[in-house]
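Trainee: The listed protein sequences derive, respectively, from chains A and B.
With this note's numbering applied, the first sequence has no gaps in its numbers, which climb one by one up to 333 at the end.
With this note's numbering applied, the second sequence has no gaps in its numbers, which climb one by one up to 1142 at the end.
Among the hints, a few may not be true.
[Unchecked claim] Restricting the straight-line Cα-Cα distance to at most 27 angstroms, the calculated cross-link-like pairs of lysine-lysine (DSS-like) are:
{"id": "1", "chain 1": "B", "residue 1": "K621", "chain 2": "B", "residue 2": "K484"}
{"id": "2", "chain 1": "A", "residue 1": "K242", "chain 2": "A", "residue 2": "K47"}
{"id": "3", "chain 1": "A", "residue 1": "K51", "chain 2": "B", "residue 2": "K821"}
{"id": "4", "chain 1": "A", "residue 1": "K47", "chain 2": "B", "residue 2": "K357"}
{"id": "5", "chain 1": "A", "residue 1": "K205", "chain 2": "A", "residue 2": "K51"}
{"id": "6", "chain 1": "B", "residue 1": "K821", "chain 2": "B", "residue 2": "K892"}
{"id": "7", "chain 1": "B", "residue 1": "K337", "chain 2": "B", "residue 2": "K821"}
{"id": "8", "chain 1": "B", "residue 1": "K351", "chain 2": "B", "residue 2": "K821"}
{"id": "9", "chain 1": "B", "residue 1": "K892", "chain 2": "B", "residue 2": "K337"}
{"id": "10", "chain 1": "B", "residue 1": "K892", "chain 2": "A", "residue 2": "K242"}
{"id": "11", "chain 1": "A", "residue 1": "K47", "chain 2": "B", "residue 2": "K443"}
{"id": "12", "chain 1": "B", "residue 1": "K357", "chain 2": "B", "residue 2": "K792"}
FYI, nobody ran anything at the bench for these hints, they're computed from the structure.
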Amino acid sequence: MAIIRDMIPAFELFQPTSADDAIELLVRYDGDGWVLGGGMDSFDWWKERIKRPTAVVDLVNVASLQGISVTADGVEIGAMTTLTEVATHPELVANYSVLTEAASQIATPQIRNRGTLAGNLAQDTRCWYYRGGWPCYRAGGNTCYASAPTAMNREHAILGTNRCVAVSPSDTAPALIALDAQFVIQGPSGERVVDAEDFFMGPAKDIERMTVLDSDELLTTIRIPSTWAGASFYYEKVEDRKAWDFALMTVATAARLSGGVIEDIRIAVNGAAPVPLRLEASERIVRGQAASEQTGMQAGEAAIQGAQALRHNDYKIPLMRNLVRRAIRGTEA
Amino acid sequence: MADKLVGQDIAPDDLHAKITGRAKYAEDFRADGMVFAKLLPSPMPHCRVLRIDASEALAMEGVIGILTADEVPQSEVGEQCLTNHPHYEGEAVLAIAAVSETIAADAIEKVRVDFEPLPFVLNPLDSLRPNGPNGRLEGNVRVGRDFATIKWTDEDFASAPEGSMPMPDNVLDADGEIVVRKNDTEWMVGDVEAGFAEADLILDETIVHQSVTHHPMEPRSTMAYWQNGRLFMHTSTQSLVRTRQAVAGQLGLDMEDVVMIGEYCGGGFGSKITGSTIQLVPALFARKINRPVMLRITRAEETYLGRARPGMQARVRIGYRANGRITAIDLYALGDGGPFAGGDQGSSASTASLTYTPLNMRFRGVGIRTNTPPKAAQRGPGGAQIIGMLEPLMDKAARELGVDRLALRRLNAPTADVRFGPRGGSLTSVFVREAIDQGRELFNWEERISRSGQLNGTKRTGVGVGVSPYTAGSRGFDGLLVIQPDGKVRIHQGLGNLGTNSIFDTARAAADVLGVEWSDVEVVWGDTSRNLPWSAVQAGSQSTHAHTRANHAAGLQAKEKLQSIAAMDLGGNPGDYDTADGRVFQRSNPSRGMTLGQAATRAIALGGRYSGEELDDDLNAMTEASASAMAGEGLLAAARDNFGGQGGLQSWVVGFAEVELDVETGKVDVVHFTAVTDCGTVVHPRGLGGQVYGGSFQGMGMAMSQKWVFDPVWGVSFAKRLYTARPPGILDVPLDVQWAAVELPDPQTPVGAKGIGEPCVGAGSAALTSAIADAMEGTCLCRTPLTPDVLLAEIEGRAPAYGPLDLHV
Chain A
1 MAIIRDMIPA FELFQPTSAD DAIELLVRYD GDGWVLGGGM DSFDWWKERI
51 KRPTAVVDLV NVASLQGISV TADGVEIGAM TTLTEVATHP ELVANYSVLT
101 EAASQIATPQ IRNRGTLAGN LAQDTRCWYY RGGWPCYRAG GNTCYASAPT
151 AMNREHAILG TNRCVAVSPS DTAPALIALD AQFVIQGPSG ERVVDAEDFF
201 MGPAKDIERM TVLDSDELLT TIRIPSTWAG ASFYYEKVED RKAWDFALMT
251 VATAARLSGG VIEDIRIAVN GAAPVPLRLE ASERIVRGQA ASEQTGMQAG
301 EAAIQGAQAL RHNDYKIPLM RNLVRRAIRG TEA
Chain B
334 MADKLVGQDI APDDLHAKIT GRAKYAEDFR ADGMVFAKLL PSPMPHCRVL
384 RIDASEALAM EGVIGILTAD EVPQSEVGEQ CLTNHPHYEG EAVLAIAAVS
434 ETIAADAIEK VRVDFEPLPF VLNPLDSLRP NGPNGRLEGN VRVGRDFATI
484 KWTDEDFASA PEGSMPMPDN VLDADGEIVV RKNDTEWMVG DVEAGFAEAD
534 LILDETIVHQ SVTHHPMEPR STMAYWQNGR LFMHTSTQSL VRTRQAVAGQ
584 LGLDMEDVVM IGEYCGGGFG SKITGSTIQL VPALFARKIN RPVMLRITRA
634 EETYLGRARP GMQARVRIGY RANGRITAID LYALGDGGPF AGGDQGSSAS
684 TASLTYTPLN MRFRGVGIRT NTPPKAAQRG PGGAQIIGML EPLMDKAARE
734 LGVDRLALRR LNAPTADVRF GPRGGSLTSV FVREAIDQGR ELFNWEERIS
784 RSGQLNGTKR TGVGVGVSPY TAGSRGFDGL LVIQPDGKVR IHQGLGNLGT
834 NSIFDTARAA ADVLGVEWSD VEVVWGDTSR NLPWSAVQAG SQSTHAHTRA
884 NHAAGLQAKE KLQSIAAMDL GGNPGDYDTA DGRVFQRSNP SRGMTLGQAA
934 TRAIALGGRY SGEELDDDLN AMTEASASAM AGEGLLAAAR DNFGGQGGLQ
984 SWVVGFAEVE LDVETGKVDV VHFTAVTDCG TVVHPRGLGG QVYGGSFQGM
1034 GMAMSQKWVF DPVWGVSFAK RLYTARPPGI LDVPLDVQWA AVELPDPQTP
1084 VGAKGIGEPC VGAGSAALTS AIADAMEGTC LCRTPLTPDV LLAEIEGRAP
1134 AYGPLDLHV
C-alpha cells in the first residue's frame, strides 16, 4: 500500500458531556477508541495516518475536567485545563511557580491555548523513527531503529533504556514530580490515584505505552499538595530554539532551605530516560547540605551514574549533570 | 511640487488585504467542477517503479482519475513532475483526483506500487569514496553536458590529515589533458602557491555547511483549468510573467494560451522563481479529465518537493600577511547537488573572491548528485554558505596576527575598481568599506569588543561580524503605464508579489518622473490577462534595480509625450514644459498648462505614439502585445530600460552581533544585532528594514538551529516538519536590533537603487558563527548549525557530536 501523509482519515467523533459517558464509549470501542484532549499530539498522529482510531472521544464538553480550584490542602487541576490557564493561574504562579514556569515554556502560545495539562503529561514520545511509522518495538515490531550504531538519536535517552530508547516529551511532568503531585485516574471500575512519578511507564514494563493509563481510563485530575507551596523552585528547559521545540532536557526542583542548608528537596529531570526521572540519589546527597556549587556538582555526578550515550547524544551526560548542578545552585535564591 | 516618493515610507497597496485575510492565495481559489489531486510519494531515496496497480483506487466512489509519469513531459536527465524513477524520498510518482481531498488521499493508499530499490547516496563524500554509491545511474557528477563518475582513491583520502577533507588534483598527462578527474571545476587567478609563500600565517580548515529547506510559509499549491484551449493557472510563484513563460515552454503552448494568476505569494526565497515543477501536475491533470484540479501541497510535501539550499563540505587554506592582508585563498568545495543540480560551490568561490579580494586564488569544486531533495537557489545561494563559514576564520587570523577583526575585513574589502572571480568581473559600485565604517560606529564596536570573552555567571559574551555581498540587479526590461483621462496613472507590473513590496516600490520611479502623488497611482499586477510588461524573474535581488530602471524609462517617455502634447496645444517647445502635481505646465508660466487627465484625452484623440497605437520597436514581445491591447485607453508609455551600464551589480550587508553562550548548556542567546547595508538609494526605508531583518534572521537560523536530518542507512528524512527542521522563530532573534544604510546611490542607474534581498542572509549567519566562535574563546567549529549539543560537547571536551565531515545531522 502506498504511503501518504498529511491528511486525517475519517473517524467516528463523540463529544460526551461527562467523564462516565466518555469511559463508557472507551469501553464500547475496546481499544479502538482514542481520547482527544487539545489534539496537539493526536492530530499529528492522524495526519500521518499512522494511528487510525475508529472512534474519537473528544473531552471538550466534559465540564468536570475543566478548571483549577484551590483546596484546603493544595490545588486541583482538571485534566482538560489548558496550558495557558495553568501557566497564568494566580495561585499557581504565587506558590507553585515551578509548574507555571514549565507550562509557560511549552511550544508556542497557540499550542498552549489548545494543549491541555493531561495531554502534555500523557502524550506519546517524539522518537522520529516511531512517529514516522517504523515498525519498532514500541510499534509492536521487533527492533529499535533509533539505537542502531548509525541512527539519528541526538534527542534520545541516556538512562533507563530497555530495547526502546525514546524519551518522554512532557515538560510539566518533572515539575509535577518535584511538587509531589498525585494523578487521579477514572476507569470503568472507579477511581485510582497514583503518584506523579508512577504515572509514567518505562519500556521494561510495557514497551508499547508511555503511562499507566489503560485504554478505557481517563486522567481526570492533577492534585498538587500544599507540601511544597511557596518552596524554593528551579526549572530549566534546554532546547534548540526558544519556542516550538521539545526539550533536549528539563530539570525541576522543589526545595526547603534553612540558613543556606537544603533541608528537603525533590529533583526531577526529563529528556534523559523513557520516563521522567525523579533523582532520589541526588536528593539524598543534597539533603542537609549547603546549596553550593560543590553540593550541586556532587548531585550532578550522582545523577549521571550509569548513563550511557548512543551515537549522537553523549552531550546529554554533561548536560544532565550541569542542569542538576545549576538547580542546586539555583535554590540559593 | 510633491516630494519624491522614492525614499518615503508608503504602506504597500496590498497591506489591508494581507492582514485582513482577503488576499487570495493559490489554494483559496475554486472553480466549477473542481476536484482535488493528491500525490503518491516515493517511499525510498532512489528506486524504480516496476508496476502500478491503481484498479482498487480508481473503483472508489468519488475518484475521478489518475495521472501517471507516462502522461507528463519526459526528461532523460532533468526533473519530471511525476516519475517512474524517483531520485529522492518524497518525489511524486503519480496523482489521483477525487471530488474531495480526503477521498483522493484514501485512494492513494489503495494504489499498489512495486518499487525496485536502487543504490543511493546522501553525503557527497560517500559518493567520492572508492566503490561509493552514485546518486544517479548515469554517474555522480555532471561535467559540461555529460554525466561522469568521479571517485577519489584510498590514497587521496589518506593524504588528508585526520578530520580534514582531501584536496586531490586532477591527474594530467604530459600535454596537460585530464586523464583522471578528481573535480569538475577548477580555476586560478594569480599563483596561489606564490601567495602562500609570502604569507605570514596560513590557516587550513575543513568546513561543513548543512543543507536547509526554503520553507516558505505558503507551500507550492496550484489550481488549474482549461477553457477553449487556454490554460488558466493559479499558482504560488515568485515571478508572474516569467512563470507564464516557463509553463508555456514546459507544456509546449504559446504564451498567449497561458493565463497566469498569482497576485500573492507567501514567500519563495528562491524556491519558486518561475513557480515549481509540481505545478504542471494540476495543469496536465485538468486537461486529461477536463475538470479544474486543485493540488494543495502539504508542509511535509513542501519539505520534499520544495527546494533546499545545497550543503557544502570544503577545505580552505588562507594565507595572510602580518597586517591581515590576504595573499591567497585555496578553496576546495563539494556541493550536495541533490539529483538534478550541481551545488552552490561555484558561487561560493566567487563570493569569497569578491569579499576578501585575495591577491591569489584557486578554486576546485565538485557538485555531487545525491538522493536528497532537489536543490535550488536559496536567498544568497553559495554566498550565504561561504560567508557564514569563512568569517570566523577571519577572526581566527586576526587573533593570531594581533590585528583588529574589523580592520582585517576592511583591509581586504573591495573598492569600486575590484576585479573578482575567475573572469575578473567588475561592478557598478562598491561601498562596503563605508558600510563597515558606519557599522563600527553604530554597533559601538570598540565598547562591545571589550566585552568579548567575558564570563558573567555561566554566560560568556561573544562579538561577531559578517560582511556579505550578493547580486543586486539586471537590465533591459520594460516599463508600461497608462495615464487615464481621469488623471490617474496606471502602472503595470509583470513581477511577482512575494512579500518584498517591489511591485509597488519600483512603480514609484515612474510616478516620481511625472511628479504625481501615490494616491493617483494604481498598480496593476498579478494576472497576465491584465496586460503586463515583460519583467525580470523576481530573483537574484534584481527587481529593485531592474524595475526602478524600467519604470523610470516609462516615466520619462510619458513625460516626453506630455510635454509634446502641451507644446502642441499651448505653444512653445516641449522642453518649455514640466510635470508635477498632476499637471503638465509651462516652466516660465506655471498657470499655463493642462491636467494629466486632459493630456490623456488629447493623447487618445491624437492616437499614434501618444495612445499606444505606435510603439517603440525595441520592446520585448510580451510588452508589445500588452501595450497594443491597451492602445487608446489614455496616454500610453511603454519603454525599455536602455540606460545601459558597465559591470555587475552587488549589494552588501555588514552584520554585527553580540551573543551570550551558556557554557553549562551550550545555549546561545543573541542579545544584539546591527546591520548596515550598501544597496544604493533607499527606495522604501521600512520595506528595506524588513528585508534586512528578515534575511538576517533567516541566516541566524541557519547558523544556530535549522537543519536536515536523514537516517544514513535508510536514506529517509526526519526533519520534514517545521518543528523538527527548526527554522528560527521570533523569540530566537534579539529584541535589540537596528539597521542603517550608507545611502550612496549606484552611479550607473538613474534612481540609484540596488537590490537587497540576498546579502542579508550571509550577514546574519556569519555575524553569529563569528560571535559564537568568539564566545568559544576563538574555537571555530566550522560547521552549521551550532546547536547546544555541538557546542556543549566541545566545551566539555567530550567526543564531538558528529564526525568532522558528517552531513544531514
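Trainee: Confirm or reject each hint.
Mentor: Going down the list of hints, with the structure as the test:
no.	hint	verdict
1	K621(B) x K484(B)	violated (45 angstroms)
2	K242(A) x K47(A)	holds (26 angstroms)
3	K51(A) x K821(B)	violated (59 angstroms)
4	K47(A) x K357(B)	holds (25 angstroms)
5	K205(A) x K51(A)	holds (22 angstroms)
6	K821(B) x K892(B)	holds (14 angstroms)
7	K337(B) x K821(B)	holds (17 angstroms)
8	K351(B) x K821(B)	holds (24 angstroms)
9	K892(B) x K337(B)	holds (16 angstroms)
10	K892(B) x K242(A)	violated (54 angstroms)
11	K47(A) x K443(B)	holds (17 angstroms)
12	K357(B) x K792(B)	violated (47 angstroms)
Consistency with the previously given hints fails for numbers 1, 3, 10 and 12, ordered from lowest to highest.
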